Amino acid sequence: MAYDYQPFPYVPPPGLTGPEPRHPVAIVGAGPIGLALAIDLAQRGVASVVLDDNNVVSVGSRAICWAKRTLEIFDRLGVGERMLEKGVTWQVGRNFHGADEIYSFDLLPEDGHKYPAFINLQQYYVEEYLIERAQELGIDLRFKNKVVAHEDKGDHVVLTVETPDGSYTLEASYLAACDGAKSPTRERMGLPFEGQTFEEHFLIVDVEMADSPFGTDTPERWFWFRPPFHPGQSALLHKQPDNIYRIDLQLGPDTDPVEEATEEKVRPRLRAILGDRPFRLDWMSVYKFRCARLERFVHGRVVFVGDSAHVVSPFGARGGNGGIQDVDNLGWKLAAILESAGGNDLLESYNTERVYGSDENILNSTRATNFMTPKSPIEAMFRDEVLRMAHHHPFARRLVNSGRLSLPCSLAGMPMIGTGDGPVAPGMAIIDAPLQDGWLLEQVQGRFVLVGFGDVTLPEVTGVDRLGIGQSAEYPCVAPDGDLVFERYGRGIAYLFRPDGHVVASFQNPTAEKVQGAYQRALGAKTQVTA
Amino acid sequence: MRQDDKLGTEGDAVYAALLTAHEGLSEAESHRMNARLVLMLANQVGDADTVQQLIADARALAED
Ligand SMILES: Cc1cc2nc3c(=O)[nH]c(=O)nc-3n(C[C@H](O)[C@H](O)[C@H](O)COP(=O)(O)OP(=O)(O)OC[C@H]3O[C@@H](n4cnc5c(N)ncnc54)[C@H](O)[C@@H]3O)c2cc1C
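Each protein sequence line maps, in turn, to chains E and C.
When we follow the working numbering, the leftmost residue of the first sequence carries the number 1380, and every step to the right adds one.
When we follow the working numbering, the leftmost residue of the second sequence carries the number 370, and every step to the right adds one.
No lab work stands behind these hints, which were simulated from the structure alone.
Predicted, not measured: the structure shown is a model, and the values here were computed from it.
Backbone N, C-alpha and C fix where the C-beta goes; we use that ideal spot for every residue, glycine too.
Footprint (simulated), chain C over chain E, 3 or more residues, beta carbon under 8 angstroms:
| # | segment |
| --- | --- |
| 1 | 1761 to 1771 |
| 2 | 1774 to 1787 |
If you anchor each label on the Cβ, the simulated ranges turn out as follows:
| # | chain 1 | residue 1 | chain 2 | residue 2 | range |
| --- | --- | --- | --- | --- | --- |
| 3 | E | 1783 | C | 403 | 23 to 33 angstroms |
| 4 | C | 402 | E | 1638 | 36 to 46 angstroms |
| 5 | E | 1589 | C | 429 | 52 to 62 angstroms |
All chains, please: the whole structure from these sequences, using the hints.
Right, dumping it as structure tokens:
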């Protein structure tokens, strides 16, 4: 059944009739990124106002693949379980060259994680769940509120907002620009958004279909290079909930996108793939993709988050997933800054860490897109020979690139990350493990916490919670479920986690001084002291 | 980086084998075979730094 778009009500905002008190944070854009940020802030007691020019969730499925790390972050934000329940969990991917399968991968769900490697779920569901969660938290969501101007006053930002009833102004200590790939905030500031545009057009179609085209009931991901049904191009087939299938077809550089996105053109293309299975056309769109980012994500009191800061081609599913990691990185920092607990350079560390993460995503997406859409005869030749060799030689299968799926970014070596020689290196994101009552990630994420694994005593440090695993002490302790948690983290060792679940440091002998030092470093307090 | 000799007296045989392998191929087919060979050799070297050095050394002569 087609998704039922329910328009959210427009309520005349108080600013139309009189000045509003200054908001700590104004979020422009109620896409997945703006909504997630508002929820993260609300869970930390920071009120924000979310302004969106529209009043429905994402039109079209757009982002469908959500990675494990994203689900873990969504778990903390209160929507992870719902997404998992509704989403399609898949693990087998098959790559074809012509009619032949050349390479398949299994995302091998290692035991002992709350969330699988990937689920598929339409972006409109994700936004629906986020909006419901935001409403539950009492977040000030304003639909049909279009931001048309802003001015950074140094210690706050003034926004001009247009509504069906006229315009008003609003003050906020910070403006989070979550206004998407075409970010009007970015345009208004005249900031260059540079990178690579790919010449190829891609047709993206959702069809509803009762029969599985995979020939099995288990959903898979199928990717073709030069399939017999679509000569010379590439194609992707992927399952979403509600018996909706995503089909991507590469169309080449010289097609007319408007003409291509018509039923007359699309139906025969789909028939060629799906045979005579009955299907209903649910959504289609023709895209050209690019990889680009802002040079900096922080400009005074304006912070860019998600697609406004960086865009990638969708192969590898790094757009939405990358944006959610931005939110995870920014939420606690912004809250700490607003509570004056963070150092001056905490916001700067969002810039440094997420520019780095974004470059990793751009690199991977660019490589995948270049493999799919060779730019010159020589590139095409190497690509085609890799595909030919892949039929026979395992090493070439490894080179076949239909998207390297999003993995959490490690912050190792970043200024606010400390040291430690535990098996989970400083900078890495939390690795989940089963506990007797739930999961490690549920216990750890969202706060600064020193976690003691096995026989190690945790010192008391102001601002840092403590959690013992498989020990008994005066602080909260939980029991492990089996040995996995120790296999992953070691025994007799303590780890300091940041609120975004990244390891700051690990300690064989945690003393209050050492933990305090790592904690301050993570908050950027050092520079504050010397400043 | 200067590439020192590693094949010794087998060098001539390897060179001859390469030419023989191209016999009877069109220029386009030869290019394709070379592409396969390059990728196979890179995999045999098995070390990204070494391969990148070799790529740089080969590329450097293109500007001569
Ligand atoms: C075909 C396709 C497939 C994709 N597949 C994946 C995938 O599988 N996995 C993945 O992770 N990502 C995927 N992506 C990327 C993903 O959709 C984006 O990264 C994601 O939507 C970014 O979220 P956002 O909140 O930053 O921006 P958006 O979702 O674009 O939201 C921006 C919001 O800002 C609002 N806005 C804009 N201007 C104003 C204004 N002036 N005032 C008020 N509001 C404003 C807009 O109405 C909108 O609601 C895909 C994208 C496409 C197009």
